[in-house]
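For reference, the chains in residue letters:
Protein chains: 2
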Amino acid sequence: MKAEILTIGDELLRGEIVDSNKAFLSERLLGLDIETHYQTSVRDDPADMTDAFLRAAGRADVVLVSGGLGPTRDDLTAEVLARSFGRELVLDEAALATIQAFFRSVGREMAPNNAKQALFPQGALVLPNPIGTAPGFRLDVEGSSFFCLPGVPREMMRMLDEQVLPRLARQPGAAGPGGPVLRAALLRTFGIGESNLDAELKDVAASGDVTLGFRTSFPENVLRPVARAATAEEARAKLAQVCQVIRERLGPLVYGEGEESLPALVVRLLRERGRSLAVAESCTGGLLAQLITDVPGASEGFRGGIVAYANEAKRELLDVPGELLERHGAVSEEVARAMAEGVRRRLGADLGVAATGISGPGGGSAEKPVGLVHLALSGPEGGHADHFVFPLDRMRHRQLTAWTALDWVRRALLGFELVGPTLLRRRGR
Amino acid sequence: MKAEILTIGDELLRGEIVDSNKAFLSERLLGLDIETHYQTSVRDDPADMTDAFLRAAGRADVVLVSGGLGPTRDDLTAEVLARSFGRELVLDEAALATIQAFFRSVGREMAPNNAKQALFPQGALVLPNPIGTAPGFRLDVEGSSFFCLPGVPREMMRMLDEQVLPRLARQPGAAGPGGPVLRAALLRTFGIGESNLDAELKDVAASGDVTLGFRTSFPENVLRPVARAATAEEARAKLAQVCQVIRERLGPLVYGEGEESLPALVVRLLRERGRSLAVAESCTGGLLAQLITDVPGASEGFRGGIVAYANEAKRELLDVPGELLERHGAVSEEVARAMAEGVRRRLGADLGVAATGISGPGGGSAEKPVGLVHLALSGPEGGHADHFVFPLDRMRHRQLTAWTALDWVRRALLGFELVGPTLLRRRGR
Numbered sequence: 018m019k020a021e022i023l024t025i026g027d028e029l030l031r032g033e034i035v036d037s038n039k040a041f042l043s044e045r046l047l048g049l050d051i052e053t054h055y056q057t058s059v060r061d062d063p064a065d066m067t068d069a070f071l072r073a074a075g076r077a078d079v080v081l082v083s084g085g086l087g088p089t090r091d092d093l094t095a096e097v098l099a100r101s102f103g104r105e106l107v108l109d110e111a112a113l114a115t116i117q118a119f120f121r122s123v124g125r126e127m128a129p130n131n132a133k134q135a136l137f138p139q140g141a142l143v144l145p146n147p148i149g150t151a152p153g154f155r156l157d158v159e160g161s162s163f164f165c166l167p168g169v170p171r172e173m174m175r176m177l178d179e180q181v182l183p184r185l186a187r188q189p190g191a192a193g194p195g196g197p198v199l200r201a202a203l204l205r206t207f208g209i210g211e212s213n214l215d216a217e218l219k220d221v222a223a224s225g226d227v228t229l230g231f232r233t234s235f236p237e238n239v240l241r242p243v244a245r246a247a248t249a250e251e252a253r254a255k256l257a258q259v260c261q262v263i264r265e266r267l268g269p270l271v272y273g274e275g276e277e278s279l280p281a282l283v284v285r286l287l288r289e290r291g292r293s294l295a296v297a298e299s300c301t302g303g304l305l306a307q308l309i310t311d312v313p314g315a316s317e318g319f320r321g322g323i324v325a326y327a328n329e330a331k332r333e334l335l336d337v338p339g340e341l342l343e344r345h346g347a348v349s350e351e352v353a354r355a356m357a358e359g360v361r362r363r364l365g366a367d368l369g370v371a372a373t374g375i376s377g378p379g380g381g382s383a384e385k386p387v388g389l390v391h392l393a394l395s396g397p398e399g400g401h402a403d404h405f406v407f408p409l410d411r412m413r414h415r416q417l418t419a420w421t422a423l424d425w426v427r428r429a430l431l432g433f434e435l436v437g438p439t440l441l442r443r444r445g446r
Numbered sequence: 018m019k020a021e022i023l024t025i026g027d028e029l030l031r032g033e034i035v036d037s038n039k040a041f042l043s044e045r046l047l048g049l050d051i052e053t054h055y056q057t058s059v060r061d062d063p064a065d066m067t068d069a070f071l072r073a074a075g076r077a078d079v080v081l082v083s084g085g086l087g088p089t090r091d092d093l094t095a096e097v098l099a100r101s102f103g104r105e106l107v108l109d110e111a112a113l114a115t116i117q118a119f120f121r122s123v124g125r126e127m128a129p130n131n132a133k134q135a136l137f138p139q140g141a142l143v144l145p146n147p148i149g150t151a152p153g154f155r156l157d158v159e160g161s162s163f164f165c166l167p168g169v170p171r172e173m174m175r176m177l178d179e180q181v182l183p184r185l186a187r188q189p190g191a192a193g194p195g196g197p198v199l200r201a202a203l204l205r206t207f208g209i210g211e212s213n214l215d216a217e218l219k220d221v222a223a224s225g226d227v228t229l230g231f232r233t234s235f236p237e238n239v240l241r242p243v244a245r246a247a248t249a250e251e252a253r254a255k256l257a258q259v260c261q262v263i264r265e266r267l268g269p270l271v272y273g274e275g276e277e278s279l280p281a282l283v284v285r286l287l288r289e290r291g292r293s294l295a296v297a298e299s300c301t302g303g304l305l306a307q308l309i310t311d312v313p314g315a316s317e318g319f320r321g322g323i324v325a326y327a328n329e330a331k332r333e334l335l336d337v338p339g340e341l342l343e344r345h346g347a348v349s350e351e352v353a354r355a356m357a358e359g360v361r362r363r364l365g366a367d368l369g370v371a372a373t374g375i376s377g378p379g380g381g382s383a384e385k386p387v388g389l390v391h392l393a394l395s396g397p398e399g400g401h402a403d404h405f406v407f408p409l410d411r412m413r414h415r416q417l418t419a420w421t422a423l424d425w426v427r428r429a430l431l432g433f434e435l436v437g438p439t440l441l442r443r444r445g446r
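These protein sequences, in sequence, are chains A and B. Each residue of the first sequence is one higher than the one before, counting from 18 in my numbering. Each residue of the second sequence is one higher than the one before, counting from 18 in my numbering.
In short, the hints are calculated from the structure, not lab data. Among these hints, one or two may not hold up.
Note that the list lumps identical chains together, so a pair holds whenever it fits in one copy or between two copies.
Unchecked claim - For lysine to aspartate or glutamate, the following EDC-like pairs were computed, each having C-alpha atoms within a straight-line distance of at most 20 Å: (1) Lys219 with Asp91; (2) Lys219 with Glu126; (3) Lys385 with Asp65; (4) Lys133 with Glu159; (5) Lys255 with Glu343.
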């Protein structure tokens with residue numbers, strides 16, 4: 018089964034946004050053994066859209082379209098697709114009622130142009146959008162199935178998983194017993210860079226029926242082993258074997274498998290072990306607390322955090338002695354330790370973690386360069402501190418610092434050694 | 018002049034990487050008034066590549082190709098492009114010498130397969146690659162100019178700017194006095210939804226030589242008016258006029274123009290007005306502090322923040338009276354006001370802002386539903402508080418809450434009324 022991905026929008030063709038939908042859609046299709054042969058993007062232009070629709074119908078069995086389902090004048094997918102294949106545009110009363118109900122539920126009047134979102138090509142199957150006003154639809158024409166989804170990534174992703182993939186999985190040719198079957202896993206690593214991973218695992222994917230993909234989503238690196246076999250059972254067995262080799266090779270650098278992120282893992286470990294956490298942040302400026310509280314249910318183990326940007330805040334809210342600040346400076350092991358202990362005590366938590374550093378671009382000196390960061394962890398069994406120089410821009414310095422702190426909490430809860438990212442130069446004393 | 022972007026690589030079609038090259042290339046072309054009509058991606062497959070090359074030649078004046086120039090077996094761009102248009106593949110001695118010199122300069126032996134990178138279609142103009150082994154080339158066929166560049170982003174970007182754009186700028190039809198000239202602006206709005214914006218501005222883009230694009234990058238909506246005229250001066254004048262109409266229509270809902278984000282604007286306003294800010298967060302969990310400290314130089318006006326997730330934290334760190342917490346609950350106007358005043362006093366700031374709410378998915382009740390949030394601002398001239406129900410998932414609830422708090426700070430510093438996002442229902446008392 019051949020697939021084509023078609024994304025629509027002036028903003029794409031003007032280069033205003035990087036289109037991540039195509040990669041997401043292709044990756045998910047591959048999970049059903051459906052290979053994407055073409056990815057195409059066109060403007061909100063009826064002639065170009067028509068051309069793209071006709072071409073896609075001529076060369077692909079399944080066409081995933083994203084974009085152009087909104088309420089504005091430049092949202093033309095339903096209208097142009099209908100016209101391209103000689104269909105009428107018809108009002109779907111049920112879809113209209115759903116859109117009206119959505120607006121009522123949020124206490125708003127439906128704007129007249131939203132009614133347009135209930136118009137579909139004749140013969141289309143409406144695909145409900147549980148989290149937005151733009152329903153999608155499926156239209157089968159000339160031997161191809163078009164699935165039209167919103168361009169908003171979170172709506173598209175949810176509808177793909179709930180509405181599109183289950184239908185495709187039932188279609189002959191997808192994941193069928195005759196063709197080669199693929200099984201893939203995600204192994205999430207933190208603390209080792211992509212080229213080191215590649216060197217470390219060079220021989221793992223040497224067999225030909227196993228490939229090993231790398232995806233860097235800074236600051237983590239995700240491994241994607243894919244096993245191919247004649248049957249699902251064989252593919253699963255091969256995949257399990259590869260995953261085991263990788264885990265043995267990398268040890269605690271692999272923090273998890275599948276969808277669970279490092280912050281979600283930390284929240285789960287705190288809950289399972291009945292421990293509580295508080296954070297004291299200087300350079301990360303709230304990012305560490307935010308990563309933790311992004312996870313639903315974080316309040317069970319997370320007491321709170323203090324973003325102590327100014328020195329007075331470190332004294333007043335974290336009980337860092339003024340003398341330490343004067344003698345060693347705010348970016349020092351002594352102050353990091355005092356911050357971790359202070360926040361742990363102030364918030365009555367089992368674990369306190371602190372980060373103080375220079376994320377740049379300004380604020381560095383010869384002795385304390387931009388990129389320097391001190392981390393400290395304080396717990397019932399005592400404390401630990403270390404420092405690193407991350408030669409990165411401000412954003413990535415903050416991200417890597419916050420993730421290293423999270424990884425320390427994970428390692429402390431699981432009894433692993435507290436180490437920093439191995440790839441990055443430790444600053445000599 | 019019509020452009021097409023063509024990127025080549027199995028990794029793209031498998032969804033292993035998000036292709037950011039297309040957006041970069043399109044944006045740079047637009048800088049020369051060259052519009053991209055198509056973006057296409059195909060696998061490293063000779064048949065699909067040939068098909069894509071022939072189609073591109075048939076519909077575009079300039080085709081930018083990225084990928085497939087490396088030394089491995091699946092790098093096929095030069096070979097397939099030559100065959101597609103009946104050209105021989107010929108060795109370029111100068112390019113070969115350059116590749117050999119590159120390897121000598123890094124102390125390595127050239128692998129035999131690297132010699133392949135010196136083979137080009139007959140008639141091609143070699144484009145040197147100053148930072149890699151893969152040279153690019155230009156080939157003019159059937160009325161189209163193909164520019165073939167490496168897929169590695171930094172090599173592609175450098176060669177585009179140094180080798181391709183200067184050549185295109187000299188081509189008739191690009192930025193020339195005869196052709197239509199485009200000028201675009203970005204107007205950033207907060208607090209009004211996309212369909213309301215569209216309704217409000219329906220007549221603004223009615224003239225045909227002005228288009229108005231909408232880009233939602235939750236929780237803000239960015240307007241992108243594009244004006245087209247015979248000369249740059251006329252286009253600029255039209256654009257200025259459209260921007261003025263939009264600004265008059267929307268008032269303080271337009272918070273800025275160009276690249277400056279709302280957090281960056283708030284940091285700048287604090288600095289320019291010599292004011293300081295402290296934040297007290299419950300439901301936003303550090304996000305508000307993080308948005309502010311993402312901005313370099315935030316420390317000038319930002320004192321710090323307190324993430325008071327637990328009630329003890331609100332009492333201990335923000336001096337919220339236990340009696341208020343008991344009588345009104347943590348999510349209440351009284352507690353929000355006390356948090357804003359507490360953080361302002363504790364951190365010695367001019368302005369204190371606080372958010373306490375229920376971001377979900379759990380934690381709601383009939384009286385205090387998921388989505389409810391209380392905001393408060395405390396300043397030298399007194400305080401202000403209000404509450405909203407944002408019917409959004411956890412992530413977006415937190416984002417919209419943090420942005421509304423930032424917008425209040427902006428409005429307070431500029432003397433505007435403190436209002437919430439107009440689209441969302443205010444909860445009746």
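Among the hints numbered above, which are violated by the structure, and what are their numbers in rising order?
3, 4 and 5
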